[in-house]
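Novice: The chain contents come next:
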Amino acid sequence: MQEWANQLCENRQFGSKMTDSKYFTTTKKGEIFELKAELNSDKKEKKKEAVKKVIASMTVGKDVSALFPDVVNCMQTDNLELKKLVYLYLMNYAKSQPDMAIMAVNTFVKDCEDPNPLIRALAVRTMGCIRVDKITEYLCEPLRKCLKDEDPYVRKTAAVCVAKLHDINAQLVEDQGFLDTLKDLISDSNPMVVANAVAALSEIAESHPNSNLLDLNPQTINKLLTALNECTEWGQIFILDCLANYTPRDDRESQSICERVTPRLSHANSAVVLSAVKVLMKFMEMLPKDLDYYGTLLKKLAPPLVTLLSAEPELQYVALRNINLIVQRRPEILKHEMKVFFVKYNDPIYVKLEKLDIMIRLASQANIAQVLAELKEYATEVDVDFVRKAVRAIGRCAIKVEQSAERCVSTLLDLIQTKVNYVVQEAIVVIKDIFRKYPNKYESVIATLCENLDSLDEPEARAAMIWIVGEYAERIDNADELLESFLEGFHDESTQVQLQLLTAIVKLFLKKPTETQELVQQVLSLATQDSDNPDLRDRGYIYWRLLSTDPVAAKEVVLAEKPLISEETDLIEPTLLEELICHIGTLASVYHKPPSAFVEGSRGVQHKRLAGSSGSGESVESPDTGSAAGVSEAPPAVIPSQGDLLGDLLNLDLTPTTTGPPPPASTGMQMGAMDLLGGGLDSLMGDESEPPPIPLRTDTPQSPQLPHQSPSPPDYSPTELGGDLGGSPAMGAPFGAPPATMPASFNAPVSGGLDDLFDLAGGVGMPMGAYNPPKTLWLPAMKAKGLEISGTFVRRAGVIQMEMTLNNKAMSVMSDFAIQFNRNSFGLAPAGPLQILTPLSPNQSIEAALPLSTVGPVMKMEPLNNLQLTFPSVTNEKTAG
Amino acid sequence: MIHSLFLINHSGDIFLEKHWKSVISRSVCDYFFEAKDKAVDPENVPPVLQTPHHYLISIYRDKLFFLSVIQTEVPPLFVIEFLHRVADTIQDYFGECSESLIKDNVVTVYELLEEMLDNGFPLATESNVLKEMIRPPTILRSVVNTLIGGSNVGDTLPTGQLSSVPWRRVGVKYTNNEAYFDVIEEIDAILDKSGTTVFAEIQGVIEACVRLTGMPDLTLSFMNPRLLDDVSFHPCVRFKRWESEQALSFIPPDGNFTLMNYHVSSQNLVTIPVYVKQNISFFETEPCGRLDITIGPKQTMGKTVEALMVTIHMPKSVVSANLTPTQGSYTYDLATKVLVWDIGKLNPQKLPNLRGSLSLQAGAPKPEDNPSLNIDLKIQQVAISGLKVSRLEMFGEKYKPFKGVKYVTKAGKFQVRT
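Keeping their order, the protein sequence lines are chains A and B.
Residue numbers for the first sequence follow the numbering used here, so the first one is 1 and each next one is one higher.
Residue numbers for the second sequence follow the numbering used here, so the first one is 1001 and each next one is one higher.
Only chain B is shown next, with the shape it has when bound in the complex:
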């Protein structure tokens, strides 16, 4: 099972280590550093590395490497999932997952790691179970603790761990009972030069925020569940009910959680909300090029496209860009060669355009590779797949909760080739 964990920052310093079995020397990370140097970009470090006596499985998140050492045959996905869970937990506890925050809360992090794994076997990874045992730091609590000598470690048995609903603690009480669901869809798409869709799919997720007293049993049903190609559920969802009735029936965890992930594949027609007209070309003779991009609405289901942004990774030889946007502003980062055009709201009457010239390094040949465009956008109040929640029912408790469903569509990996 998982033997040790090393947290390594962007520049390659190990700033935290935790061993669940015998101590493994830091020098094992040298193999990782070797691979890191070879990969150049931190994103490209292979996640599974073989060394003479160990395997190193790592993830790269928030500019940090979470590197685990294993010695026996362990499913790598198991390790990777766990590492992401560690990162999630740290983020959940401290608001973000960064080196400085981890260093500030090093003891809490250490306690968390100790609770999450025992002898390399996962012990408690549910956030609400962990929070019962180790309370997340808040300013108020630290003040109170110093005054009355309280502690941030719970001294009761995390009851949730033993019940048949380990994700929910007993005795939850709220004065305002509310259940909110966010249906968030991301469009992953590749469009080719001419604007034709090469590939498109929708990744959807339903995030829930449930604050309900007692042991409520909820049923969430959809208008059109057949849309979904593949679903994966939070452990609380009863799979049988889904299979027979296509409804989500569950006793919710307390607080925020991901109820369900779903996938609408390219087999179904995926709506593409915007079109992009672009022309990026470089001259054979002179060290410069032209850029002209226009974006317009395609199928927005009557809603406004917001937070529109275009990101372009320019070829290495582009040294500067002299462009004029009709809307929004642009920046060109010389070091990373990334051009970002922040547009904002898309106005269908006056389409945003970015045009101008690019200059290349003197003497550099015409770039061989064509830059791709990455599009970011957001559409409120609509799930682009057309998925709609029809109703939410509650059983098991007598009170009447506030209910709400919000929809939002975003661009995921939305790329336009040039």
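Chain A on its own, in the form it takes in the complex:
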């Protein structure tokens, strides 16, 4: 006791010294001393007023920590208000004065035994908020009692306290067995206790991704559903979010859960509504579509979603982001509700942009007239971002609803007449896209476009205009003059414009060879000799070689018929969409990013997939297998996951693999697959140390297939380019000696991707085919209980094969090998089973070849040529010796 008192004195001095300097700047002179005197006053009333003043200073951020011992002295009181105030103070400053805080422990422990449940709950609650190790040690016993308290109010408070304690000292919570007690509380008779237990467990589970804390079974589900009806709105949110993690056993159970959740759609709290929508959207997947109930449920979902849009703008924003997902997954729900997305002029800009996005998604032949009228209205608004997006939206309507194309084009022309600079530029960008969708239909407007050539100052608009001029060079009399005018400032243009200009002039040359020879030479030399940009230079060389080698082939390549662009360019990739649907109402759904991409929250989020019995991802898993040459249908894998409203329908040049038209990209993938994988599988790492299964990750940091995504250094060697496309351009290889096989490979109708380097690389590499990259180590023995795998990809007799050497470096026999390809960018999958018949004895190695096909499920990987394999092998646990 004596010691304590000494310490107290010391601290008091220390405390005041420490804060003195600060206190002159933050509080009035002498205030702290005055308060000190008042706090030590004998009069209760004066004490209370003083504590209030202290709290007031604290809330506005003043440092009153110097008063710690004086305030704590006021704690032993039977006045509830005073007690609460002191608790508030303690929670704030205990951390900075841990030794002092210990003084409060006795009072806490005593209060936890108080006959009044309010006091008991308050004490346990406050104790949990004091983030001081020494205090938490004393917390365990009172907490254990409170978790079993007779009063539900105390139990529910204690449940949350477990989460607090876990945050401070997770190990302690586990050692003390609080988690089990918490799990028991899910079966509590009081719904509020259940809700809080669920909330606490969910929070704890987030930092323990693999724990089965919330082990849901039909019994617990039933309890949760019962509690759902009776607990507070916030409790309902916790329970609904927890329910969404459950996977029902069959459609019966799914339906019965849906039936019991549906009433939540009529809750006044929008968060409850959205969480209910999440559960319904997820469990609906399990229901057979012909079920009557399925249709009823669909109908029930629309009105609450519409009602969310009449709430405060912040709520609207979150609702709209989620509706955007819902509309992509199940457009039928809101197809008749177009009008609620019409924009009001005083909506905040973030609401306007989201509404516009959804309007386009819902646009159809039935409502296109209305939509267009609205968009035209928006294009005259004040807000520049919004106007731009509206103009782009008109273009997207044209592409989406063919019947409306003509009206859209004339609307765009009207807008161009306004001469408002940014409107004109946006309009030109989208008209280019319309040309790509409906070639040879609206070229009459080109003249109007050309009038505005001078006003274009944004790279995207300039590039679009140049593309139009190049594409329709034969119909524009002065095309050469127009393009030449751009050439003057070639080096000041952005890469996008430069690349486009290069291509356009080559096109022009191929169409009108006689008068434009000089121009094409000029641009080729600008691109190849004066530019530091490897993309530009490489493309320049390719054109140059192509033109000098075989102009006929060049014509076939460059002027080939282009594939039509697809309708929706910014759809979220289906696997991601499925995952996001499972996370409706969360931050992930607001950002449209996978939950794993989230900062702190990423710790525990497991990938969730819709459990759908039907229709989930059928589009993903059926790439067009018939088209051997690679003109497959647009695989969803190359659709950008994050585009703005329009994406860039034609942005072939800058980012071919993410926003380019699908066919060239897939062509490149299929043809270039061999080289790509062969050249690149040089660094492999198995991340996890606990096989089986063993995920293999192959990363190729410098990928020739992605020259634009990871800009390659200017002097990369020809081998890295995949094939030996006579192109060590930097060294100025002779142009006259093209690889003999080149034209042949270009006769395939793949030239849609002519702009892309890797088409050429892949095309050339294949027939030459002689280069088989050596095997590289994929999986070191250490990481796979002794199984070492090295391998490579080769093409034999036109079939892609994966050749592997398996080496058993363990002490025991291995057998029953199998292999699984995880989804990858190229749809690579085994064409036959892995043929390793004999068990592998220690120190033995075996060669295995696995034929591959490219008809497997496609999923875009980052980087593109990342491939994950899983080897679930069996190690015979036979001890050697």
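Bear in mind the hints are in silico, worked out from the structure with no lab data behind them.
Calculated lysine-lysine pairs in the DSS-like style (CA-CA distance at most 25 angstroms, straight line):
{"hint": "1", "chain 1": "A", "residue 1": "LYS44", "chain 2": "B", "residue 2": "LYS1131"}
{"hint": "2", "chain 1": "B", "residue 1": "LYS1413", "chain 2": "A", "residue 2": "LYS376"}
{"hint": "3", "chain 1": "B", "residue 1": "LYS1103", "chain 2": "A", "residue 2": "LYS53"}
{"hint": "4", "chain 1": "A", "residue 1": "LYS46", "chain 2": "B", "residue 2": "LYS1103"}
{"hint": "5", "chain 1": "A", "residue 1": "LYS53", "chain 2": "B", "residue 2": "LYS1131"}
{"hint": "6", "chain 1": "A", "residue 1": "LYS148", "chain 2": "A", "residue 2": "LYS183"}
{"hint": "7", "chain 1": "B", "residue 1": "LYS1038", "chain 2": "A", "residue 2": "LYS593"}
{"hint": "8", "chain 1": "A", "residue 1": "LYS223", "chain 2": "A", "residue 2": "LYS145"}
{"hint": "9", "chain 1": "A", "residue 1": "LYS344", "chain 2": "B", "residue 2": "LYS1316"}
{"hint": "10", "chain 1": "B", "residue 1": "LYS1240", "chain 2": "A", "residue 2": "LYS299"}
{"hint": "11", "chain 1": "A", "residue 1": "LYS335", "chain 2": "B", "residue 2": "LYS1413"}
Position chain B relative to chain A; hints supplied.
Specialist: Relative to chain A, chain B alone:
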């Protein structure tokens, strides 16, 4: 869960902070201020912001930002709903939600925040539960408190929190038992240049003021419940009864509360009470324009349109307006470029008109954007959707209460494009 809360005023000063877990430095708000500067108008600040280690979710209400900091994956709607609840509670306690009032009552606000959230989990957000624990300040009570040393913190367990009807406290007693319901409808509509309805819907709300002794069980039924497209209820309403009988059956909270929100969508025909004839044009050659607006009754269901007001956000280049109203008065705010014409009652015999000229900044080009008109109005004693309460019954108690239903229609976001 919700980690911290910062209250920030219009000019960007943090005047209150509350942390429910560890203390997070104020500097986290810098990301918010950055976004605020970028957005120019405070209304346009995005409600969800990402920073390297936290998420900032904010609402803008009554010229104040309520900014919460979260660290883990939390449903953003949950946070936004909670923030609105904080603002509601402050308004409920102190009459309005303003910086000066919050500063004056900072300790009470702090106590409230402490009761509303525990470790980031909502604890008590029902106003009547809160009021049992922390009494709202009244002049009388503060006088009494200083005299007898009472306190404004209750020392009994908020019983309501534990019963199956957490929204109602036990032992309510009144000498006059009364139950009043206000059916309030707002018309959200967009009319185009020619006066055609582009979009219209009705947002309705039933506000209740119930002061009844004991545990009354009420049933409110409608003449025409089929009108309603979507409904959302106060937690007290029994959903099953609504589904089967289309009647609202509930044990009411004590005092004022929102019983139900509803929505009548554009699918049904929405009555538009007034028409607007307008012409706002600017000349190509001269820096000026003309304005001519007339408003007349369309479908008012035989009632008078009151509190009629027109608000126009003028293009930036309009420097002054020289107008003549036949009724009411107008003001033009140069700073915000907002023209307000306050008309008052609509007289069908003599339609109000506002006409005159607008002058633009010298040399300014003809404005590109057309200003939209915002209409405010009020019609007493009618719910424009036609919704009618047929009767209110009470069970569970013996006395006979006073009952009353009032209807009123207002313009919500009622816009006319030009």
